[in-house]
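K.L.:
Residue-level listing of the chains:
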Amino acid sequence: MSSRSARLPAALAGIALAATLTGCAGTDADATAASSSPSSPSSSSATSPAPSSSAPASASAAGQRIEVTVTGGGVSGDTGRVPVAAGEQVTLVVTSDTADEVHVHGYDLGVPLTPGQPGEITFAATIPGVFEVELHESHTVLLSLQVG
Amino acid sequence: MTLLAHGVGSRTDLPIPLGLALYGAGAAILISFVVLLLFWRTPKLGGADSGRPLPDAVQRAADSRAVRTVLQALALAVAVLVTAAAFAGPQETARNLAPWALHVTFWVGLVPASLLLGPVWRVVNPLRLLHRALRPLVPAPVAAARLRSLGLWPAAGFLVVFLWLELVYPGRAEPTTVAVFLLGYAVVQVGLALRFGAEWFAAGDGFEVYSTLIARLSPWGRREDGRLVLRNPLANATATPAVPGLAAVVVVLLGSTAFDGLSRTVFWQTGPGAANDTFSGTVGLVACIALVAALYVLGARLSGRLAGQPEAVQPRRYAATVIPIALGYTVAHYFSLLALDGQTTWILASNPFGLAGVDLFGTYGNEVDLTAVSSDAIALVQVGAVVLGHVLGVTLAHERALLSARRARASDQLPLVVVMVLFTVGGLGLLFGF
Numbered sequence: 000m001s002s003r004s005a006r007l008p009a010a011l012a013g014i015a016l017a018a019t020l021t022g023c024a025g026t027d028a029d030a031t032a033a034s035s036s037p038s039s040p041s042s043s044s045a046t047s048p049a050p051s052s053s054a055p056a057s058a059s060a061a062g063q064r065i066e067v068t069v070t071g072g073g074v075s076g077d078t079g080r081v082p083v084a085a086g087e088q089v090t091l092v093v094t095s096d097t098a099d100e101v102h103v104h105g106y107d108l109g110v111p112l113t114p115g116q117p118g119e120i121t122f123a124a125t126i127p128g129v130f131e132v133e134l135h136e137s138h139t140v141l142l143s144l145q146v147g
Numbered sequence: 000m001t002l003l004a005h006g007v008g009s010r011t012d013l014p015i016p017l018g019l020a021l022y023g024a025g026a027a028i029l030i031s032f033v034v035l036l037l038f039w040r041t042p043k044l045g046g047a048d049s050g051r052p053l054p055d056a057v058q059r060a061a062d063s064r065a066v067r068t069v070l071q072a073l074a075l076a077v078a079v080l081v082t083a084a085a086f087a088g089p090q091e092t093a094r095n096l097a098p099w100a101l102h103v104t105f106w107v108g109l110v111p112a113s114l115l116l117g118p119v120w121r122v123v124n125p126l127r128l129l130h131r132a133l134r135p136l137v138p139a140p141v142a143a144a145r146l147r148s149l150g151l152w153p154a155a156g157f158l159v160v161f162l163w164l165e166l167v168y169p170g171r172a173e174p175t176t177v178a179v180f181l182l183g184y185a186v187v188q189v190g191l192a193l194r195f196g197a198e199w200f201a202a203g204d205g206f207e208v209y210s211t212l213i214a215r216l217s218p219w220g221r222r223e224d225g226r227l228v229l230r231n232p233l234a235n236a237t238a239t240p241a242v243p244g245l246a247a248v249v250v251v252l253l254g255s256t257a258f259d260g261l262s263r264t265v266f267w268q269t270g271p272g273a274a275n276d277t278f279s280g281t282v283g284l285v286a287c288i289a290l291v292a293a294l295y296v297l298g299a300r301l302s303g304r305l306a307g308q309p310e311a312v313q314p315r316r317y318a319a320t321v322i323p324i325a326l327g328y329t330v331a332h333y334f335s336l337l338a339l340d341g342q343t344t345w346i347l348a349s350n351p352f353g354l355a356g357v358d359l360f361g362t363y364g365n366e367v368d369l370t371a372v373s374s375d376a377i378a379l380v381q382v383g384a385v386v387l388g389h390v391l392g393v394t395l396a397h398e399r400a401l402l403s404a405r406r407a408r409a410s411d412q413l414p415l416v417v418v419m420v421l422f423t424v425g426g427l428g429l430l431f432g433f
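Protein chains in written order, with numbering that gives the first Met the number 0: chain D, 0 to 147; chain B, 0 to 433.
Note that these hints are calculated values from the structure, not bench results.
One or more hints might be untrue.
From chain D, some residues computed to sit far from chain B (all C-beta separations above 12 Å) [stated by the list, open to error]:
(1) Thr70
(2) Asp96
(3) Thr97
(4) Pro111
(5) Ile120
(6) Thr125
(7) Glu131
One side of the interface only, derived from the structure: several residues of chain D facing chain B at Cβ under 7 Å [said to hold, decoys possible]:
(8) Arg80
(9) Pro82
(10) His104
(11) Gly105
(12) Gly109
(13) Ile126
(14) Pro127
(15) Gly128
(16) Val129
(17) Phe130
Here are the simulated distance ranges between beta carbons [unchecked claim]:
(18) His135/D <-> Asp55/B: 56 to 66 Å
(19) Thr370/B <-> Gly72/D: 29 to 39 Å
(20) Asp96/D <-> Gly270/B: 48 to 58 Å
(21) Leu379/B <-> Ser137/D: 33 to 43 Å
Keep in mind the model is a prediction, meaning the values are calculated, not measured.
The beta-carbon is built from N, C-alpha and C at its ideal position, and this holds for glycine as well.
Next up, chain B with everything else stripped away, as it sits in the complex (with noise of 0.2 Å):
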């Protein structure tokens, strides 16, 4: 079993060069005053009903039963084949593929998938598929209208206990662990979405929550009448309804992958986390989560009494402006995992159960070429991702306001900017190293 960070993997990057930060956050603090101050002083973006609508067989084939099931059902055999490694396959991490499937491939392969295809987990989400054949053997879904209510605050739950055994739970790399994981979350969900109603799984699935989020930056919408449309991804963003709960999921995942970031650090591995264990790792990421959520809180309620705008709503309704912050820091951190440790996955896929002399894809002997993306490529990637996050959200923010009070001064905005732009300049000092 290995202790790195992030589940599973072999190598951290290295930290960014200074100059390269500098550059970075005097850049993302340049432009987006720029763009706020100068060039944006009417709403720009379009609403819930922008875009150009697409053609009428691409939607039929999206919303289709049918196509819904098959692929739902695909989703769910490469799950069982998954889980059944993870049983009978070789039980060392290394050579296991549930481990390496789980916690890279799938869970940050959700995030350039969702930002290239939309919702994708939502269509391909194979609990969906349990849950539709259990239906008939249980009584009605009793609790139905008190899930709306709840928002998204199931699913941040859900996410923080994924996250907590991908980056503190000392056998997350086992593959029994992995096992074990996936087979109490389906059974959990399932049984969730048996009491609530098919509703559960966009309020409570962790992951298909996170998918929906981030394909709010994907150049593919639904129109209020249910029409699919492309349009701006910036627009799409503005569309996200502020329910309950977003700011709190927007926070976690930024909370986590600050902590994931901090707990490679010689700062946190020779202080507050030197004892490597449990306790240490869900204090330091509660303690994270709990910062960012402080910081949003306080900026965006700052910014709400500025403006005169009621307080109480205000971390809500400006949690989607946070989202391209969230998905800079995520594509930053996990951009070389996917490319250089997720080639793992597709070794270990040729023989999942580990047996002699089989080789599916001709794959299984291929070694993994932590080379295939040079330092100097993933710094520029990093450096590019939290800039270009920041400058999203700063912009998206401003843009909520206008949409808020037509006349809002920039300067009211001051407080949430700030906040951005401590996220920004703590993300590219935790990549910066120490």
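Same shape as in the complex, but just chain D (with noise of 0.2 Å):
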């Protein structure tokens, strides 16, 4: 940055700087309102991403149901940031066109995959944090778990 620059045009680039770094908030609250939207956009659209928004997947008294899809390397579903109430029953369910295993981290947990077939995990949510639920093999982030 030049000494003798314009005292006007720089402050303008502290502006729009700072614009940039308060605009990158107002984005990230908007993806927080609407986490739940298809997270790839190479992901088939034969099961269209339900707006089931932060609002919990499916709660009731037997606890919450999170159900997600993978299709060619796509992932549908209840993607994006979970909610989860801090104690709660998750029940996970992961359906992959492709063999590979689920893991839940922090909690540890995992299931292996078959092709088609649903794989499901249900544990109660006592550890508070974020926890990102990824495929073990292909590294694939499917959500992010996030209890309290």
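Both chains come to you apart, so use the hints to assemble them.
P.N.:
Encoded structure:
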């Protein structure tokens, strides 16, 4: 940055940068609100993303059911950041078109997947924090479980 | 291998509640304005010669070549063990000591160690021992004079390399990556020290410079005559020499922490960083550092222009005032990592090579307790660290302005204060989640 540059452009640049910074924040808040949009554009539209959004996927007395489908490397269903109340019973159902293994970080839970067969993990969400759920082999991130 | 942020780790923090973030930001701005405008009209902090001298015995022990050699030999032994475990231990990240020892216990642990004990890595740096051992075998250093003009720029460069490895490189958590990094870093650093002289480490070893920088907010200082003193941490920070590259180091630390926070937001993971590859990560890291640098240089220069000070030295002159802000960011982002995932290091240290039946400390069977610190406590530490860092940063900048010109108008500092407020709001915003 040259020291003799005019004051006005410099100040404008500062405002623009500040706007960029706070602009990111605004975008982020929007992203949270619609956390269940499909994360990959390459996913097939066969299972259209139900707008279950940040409301629990299907909360009931029996706990919360989170369903995710992986097709051709794309993830659809309850993706993004999924909030879960601490202590709640969570049932995670993953259906993939390839053989892999689901892994819930932090809780360190896993279940092997066979193509087309839903794999299911049920556990009590007792550890607060944000935990990624991923496919172990392909490292595809399915969702982030937000417990708290 | 996990694909989580910051090297290794099994969890990230819950977003802090909006209310807490707003209270935090409001408190930070209010407190700093009150301090700035009402109570602080003359320089109040002691300079480089302030402080209460420590007892002679402490001074002798701290300056003793023998004590340093022993400590450095111990650190070297641990480093060799960790590197050997990285090569020969279990190759699964979750069961290998090295990634946890480097990314969590060493890198994050260096912060509380330096804050409480002073520039510890300068004292125990094992590379200094290697350099002393090899020095008689090679010709005398040839470029010692050139080093001084570089200031801390070499350290800023090496820090960027390590932070890129920690935050971007996809294989960052692999034991082999850690082993190659540790060996490569040692060879390059010792090689450069043989060329530039032993002063290299204080200017070019990223870890030593990081530790020394954080120690500027510790109560332990050294007077200009070499006497060790106990003094107000803020006076310690004010006495930081404004060498070239100081601003670069601070900006790199601040920008990389911002990127670490950004990279775990839904916005990043589904937007610019959706590809989750080296390219998007590198661009994100560089963009965050560049944004922080641009804002900081702009604020410091505009403040300097308003106050009629030479603009070119302003970023360097005020760099030490950003140390508390960078520290606040760091504590907010990594406190829980050290407290929770850091347990893994002590579990795995009980059996570094994964041999059957080995359990040196009886901890190998332990499980990491991810509930050891409640999420409420984590949120309070996060907001508290960012707010405190902001208040101290603004206070230091104000003191620095008064030192530069006794009759400085508080309004001259407005551009820099605005930038610091942006850093605080941005830091809280990233912790607020998304």
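K.L.:
Decide, hint by hint, whether the structure agrees.
P.N.:
Hints, verified against the model:
no.	hint	verdict
1	Thr70	holds, 17 Å
2	Asp96	holds, 20 Å
3	Thr97	holds, 18 Å
4	Pro111	holds, 17 Å
5	Ile120	holds, 16 Å
6	Thr125	violated, 7 Å
7	Glu131	violated, 6 Å
8	Arg80	holds, 5 Å
9	Pro82	violated, 10 Å
10	His104	holds, 5 Å
11	Gly105	holds, 4 Å
12	Gly109	violated, 12 Å
13	Ile126	holds, 5 Å
14	Pro127	holds, 4 Å
15	Gly128	holds, 4 Å
16	Val129	holds, 5 Å
17	Phe130	holds, 5 Å
18	His135/D <-> Asp55/B: 56 to 66 Å	holds, 60 Å
19	Thr370/B <-> Gly72/D: 29 to 39 Å	holds, 35 Å
20	Asp96/D <-> Gly270/B: 48 to 58 Å	violated, 26 Å
21	Leu379/B <-> Ser137/D: 33 to 43 Å	holds, 38 Å
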